[in-house]
Amino acid sequence: MVSPLYLIVLALAAAFLLGLLNPERRGRAYAVTLVALAGMTLISADWLWAFTMEGIDPVDVYTAGAEPPFAINLRMGLAEAALTLLVNLTGLLSALYLKDVLLAGGRRTMAVLLISVMALVGIILTRDLFNLFVFFELVVISSAGLVLLANDKDGGPASGLSLSAGFKYLIVSQFISAFLLLGIIFAYHATGTLNIDGMANASLGLATGGTIAFFLMFMAIVAELKPFPANGWALDIYESAHPAFSAIFSAATGAAALYAVDKLLLIGGAEWLPIATGIGIVTFIAANLFALPQTHDRRLLGYSSIAQTGLVLVVLGQRDLLGDSTPFIAFGLLISHAVAKAGLFWLSGLLKNRQLADWAALRQRPLLVFAFVTFTAMLTGLPPFPGFYAKWELVHQLAGAGQFTLLGLILLGALIEAGYLFRWFGYLMKREAPVETVPCTGHKVGPVLVAVAAGWALAYLWGDLAGGLFGRDNLLLALPLLFALSFLLLDWLPAWIKNSLAIAGMVAFFLLTWGEYDPLRLIFAIIFLIGGALTLLASYSVHGRRIGFYPAAMLMYAGMVMLIRATTSFDFFAAWELLTVGSYFLILRGKHSEPHALSYILFSLGGAFLILAGFALAAAGAPQFDLASLAQVAAPAAPWVFVLLAVGFMTKTAAIGLHIWLPGAHAEAETDVSPMVSGILLKAGLYGMMVLLLAMGKQQLYGVELTHVLLWIAALTALIGNLMAVFQEDAKRLLAYSSIGQMGYALFGLALMNHLGWLMALVFVINHYIYKSMLFLAVGGVAKRTGTREMYKMGGLIRLMPLSFIAVLIGIIAVSGVPPLSGFGGRWVFYNAIMSAEYRLPMVVLFMAGPIAFLYLFRLIYTIFLGQLKDELRRVKEAPFWIVLPQMIYVALLLVFAVVPGLALRHVDAYLNQFFPEGGLHWGGGTIISDYGYWNPVAIMIIVGVIFTTVFALLLIVNRKAQMVKQFNIVFSAERPFRPETTHYAWNFYAPYRKAMGFLTQPFVTRFWDTLADLLHTAGDLGRRLYDGNGQSYGFHFLAFVVIVFFVGGI
Amino acid sequence: MDFEWIKIPYALLTLFIVVNFGMLLGAFIQKIGARVGRRHGIPIWQNYADLIKNFGLRTSITHGVMFYLGPVFRLTGGIGLLLFVPTIYGSEMFSNLSFSGDLILALYFVFFGTLGMALGAGESGHPHAAIGISRGLSQVSMAELPFALAVFAVALQYQTLSVTDIVAAQQGGIANWTLFTNPVAVAAAMLGFLGSMMRPPFDVVIAPQEIPIGPPTEYHSSYLALMQTNRAIFPIAKIVIYMNLFFGGAASWPVFFLKVFLIYMVSVIVGVVFPRFRVEQSIRWFLVWAVPLGVLSIVLV
Amino acid sequence: MMPSIAQLAMATGFILILIGFYGALTQRNLLRMIVAFTLSGTGVNIVIVAIGYMHGRTAPILDATVNAADAVSRVIDPVPQALVLTAIVIGLGVTALMLAYALKLHEQRRSLDIAKFTELKW
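Residue numbers (our numbering), protein chains in the order written: chain A, -12 to 1038; chain B, 640 to 940; chain C, -10 to 111.
No wet-lab data here; the hints were simulated from the structure.
Please note: incorrect hints may appear among the correct ones.
[Claimed, not checked] Derived pair list, reagent style SDA-like, types lysine to any residue, alpha-carbon separation capped at 20 Å:
#1 K948(A) - N693(B)
#2 K110(C) - T1005(A)
#3 K339(A) - T282(A)
#4 K982(A) - N693(B)
#5 K646(B) - M928(A)
#6 K110(C) - M928(A)
#7 K110(C) - A1027(A)
#8 K953(A) - S860(B)
#9 K780(A) - E865(A)
#10 K857(A) - N975(A)
#11 K948(A) - R697(B)
#12 K948(A) - H859(B)
#13 K857(A) - V952(A)
#14 K110(C) - G147(A)
#15 K93(C) - G147(A)
#16 K93(C) - N1017(A)
Here chain A stands alone, though its shape is the one from the complex:
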């Protein structure tokens, strides 16, 4: 094992060696630099290996031949090894990335870089306070030098911006170092030692003036973490410095400073932990808030860096509470942040322009887009990355200890951060790309790819660690997820091969596992897997390679499958996040779906956070629990768990108030994606509700029965969804609003909490999957052919697209619930279910919603297929075969399900008996009998068929010579029309209805969320004006920070 001292020696020696080299032989100097950094990296890696694999003990290295307190000692432990590896690797990769700049800058520049890395390593290793000060000063000086590497557009190295940023940095660091020195000397005076461990043992706080001494030191070191408000200088550096330096500054300097704070907290003891928490959480929230209105990419990354560091500080501050899992959490967050932020800064160096929207240029290189996705996922703590595990543990432990305010603030900040990161990703995918080629030079792309690889490796590692610590399976080993991820590697294949693979995979997985589900889950499994495969048939209509589609789609399906297979809260939540992310990428693929995808992911993540909080509350300190044991949650927490989970799930089912993402997201999605996200994805939310209600049943909060509240929400959702659908001009939006309404019905059934209510919900689940997939495909096919989704621009397409017409016809009959098709079954069960329900008033609302469906359904079929054919659409062809085929299968399915609903429902009915023994159905022969009524689907089908055929035959006999007339063979108002545009009555179809009922469709909810978003933005925009760019203000901010902490912290 090489002594850790060599980490420092190597850098210093290399720096001196550089001075001896011929200044003109820059290549050689560069090689020396790289070798030194690589050597340092290897040493760290070696130590890390030794600590993790061989399990050796931490090693102290004594200098100057004496033991502390008479000399300085360094310590190498697991944390140090990991952190120095991070620092050295970042340094090495940044040095690679800086190849051009370093070669141009010459050996001095390289020496400064080496010193910088060495100083960071020193901060991590040293156990001596004064030594810490020296290394910090070295970091300041070398950073002030490296800032100038920036290659601004307006004039060579060290142009104006980075120059002023560097000076501001120096100003603030002067204040900081004065504080640090004073603190150190007083602490020394009080304890007689400079050794950190020695001082910790001497309990500095008890000595005279010890508290003040520690306060001064603590403020100085914490200031290196860029806490709010003393962080304007750091933002300026992030904005103006060379991205490779920013990578070091964010990833390595941040990590080193955090570790210094950690060491310092050893001295301070427990009473300083709340202060650290406070500083951390305020910084986390403020930085994320200020980042919202940001448009400059690097400054945004700067804000994000500051926020993440703040979050880790919170974790350090909570270490009393977190106990042994502190390193797991802190490192999970820190390492995610470091890898992702370094990667993003390196990426930013590949682009010329600095606005967020200019990142659209990255689309030229799918690999780099994947890198961006990886980094974003790491920063937002999505599975399977370390941040996800860390977030889970953190939230669980905080909830277990009753730290709800802190928990809420953390989730709020994380949501805001996800907001701006995903908005950025939306820009990247959707905004017009600037005309520039993204350079693909190896030394610049290489570090990015290393970061990506590191991210995935860490994901595996943390899954493994979590397995060891909490006894879980590694997410990255879950078969569905692996299957989805394998499409990343197969993305070069043509779409049809991938499509076949996907279908085969889903069907095979179903065949392998179908015996494992109970009837309830089996229905969902069939919809998710077989239904998903069926919708994928439509994807054969897309040619080319369709980069990015299959990983996203398979991720969504993998998430859904894992959801129904999950037995523990952790697996459930991980699956929930996976399906959310997958569907987000799918939705984002639509042409104009950028804002809608954003609101989808925000609502979904917000919902996911609520679910997380609910699980954490239910777990009561345990790392996870069996889903079934939700039933055993004790009284004071139980209703809150219920509320959190229910609201979380309802973000997915788009219950009223949380629904505004759905219309845009479903309408703007691609033709074959709409059925997936509508027909299939929405069911995930319902599944969640089922799990929740089965386990927890009826809960009361402040005397209010929560299922009663759910009934109201569901009924209002059904009403508003249907009502909004009536007034849509866009066919897919109409269907989307209709989905909201249908989900309202299903939710209503669940909230009834009786046997038939649940059965009704399941009928809706099945029906809605079939007919909504079919309708979305049909309408999508029409939109594809006509080039518009505005229904009034269509008309008379029945003869040109007869198969699509049939699908829509069958679909609307089924949706409306008219016998003899399957929708009636749902209505029949519904009426029987509410006969025994306890609450009647919500039903009134649902009754109101019912007939409204006819309005939008008729409008859908009439304005598209009937009425007047437009001149420009006369050559329109039937939708592509692969889009029509699944529709025809759905038609067949609907008919089958209409005649023999028992096929699916009998088993569920029997299964439900164990939860709701009362009020089941009696399945006698063809007749289905409830406690109140009866229904014979076969007889209905036959009778209606016979009457229809008879009447039809009669008409055929009488009217056999009917003559087909041309389009305009109609007369009204004594005129013969000739223009379809003026004759096709379609726009604002329900004008009188709007006059009467339009008051119910005021966009109150949209306005509420818009105002909220506006408020956040405005708050961020006002707040960030604190950073007025003046170096003196920044100095003042630091002093103000100290004073505020002094008084607020009550020191």
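Following the hints, put chains B and C in place on chain A, whose structure we already have.
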């Protein structure tokens, strides 16, 4: 209540009686309307003449498949509605095909004909057809609501969804009728009834002046004949439901004829007295006056 | 009671620090700010030395008058003095760097006013 083949001729017999009754009743009511307006009115057999004439017309055009099928849907809807509900209480013969479903089936099957008809008319491309449908659907969506609420109230009251059982519960004297046991529900239902009978003040949907009779604009000859047949059956089929739910049903044909006539007359009397509402006015009217009654009836049960 | 020399030095140090901070926050000229920081730096150094000073003791040099055995009770604490030396060196480095910065900034903008360099903000 299982299927037997003998039910088919019985059902056809019901159909035959109701068609004839409907034709005569329709003409009779036309005549009453005319007399109120100091006109002479049509002869009582006028509907038969029209039917024969329409079936006999030789000119016949079509705008397409849906157009052709529209009246078929319409008539199927009417006949089906009639046959899914028992006509005469206590008579095995005239319980029709009610073994295939309960009250809910009837309620939802009402829309079968309407929907098919609307589609057929829509294919004609005639804008007035579409305008008529849009108005009709708008109005129906609200007019049905008090009725649906009342039906639900009645179902709750008797704890069954079977029409036969509901009628059975009302036997044994006029005081047992829902009309007296649950007057609020009946009031709500009857207000809804006004809205669905296509008579003033809620008949802007077929508005004879502004738009030549709405959806049926383009239909003629045998199409019109089918629709005319339906026009005879459908109101009666609907009234049968009202009669069964609220007015004690009918145990014999004479009682049946009387009750149907009287119930029909409610809408006629209101119709000749009141002027016509615009659609949004009628929606608001139902929302303000009829729906609260319906809600009340549910709360009170 | 007369304040001891240590207390005097300490007070002087703190006054210098405050003057330096005040100057750094109020003077807009870059060079004046740097001077102010030098003042505060000097103040910090004086405080450090003052802390290490113990009345009546001698310099921490082991020679004929002070032998190793009773050094602990006869010499002042050497550590603060060592620290001061390092601090001075670092202070020198930072000051030099700031001056170089000021020079470059002036070259570029022909101004030494700190309020003129606020393009980076928000």
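Numbered hints the structure breaks, given as an ascending list: 4 and 6
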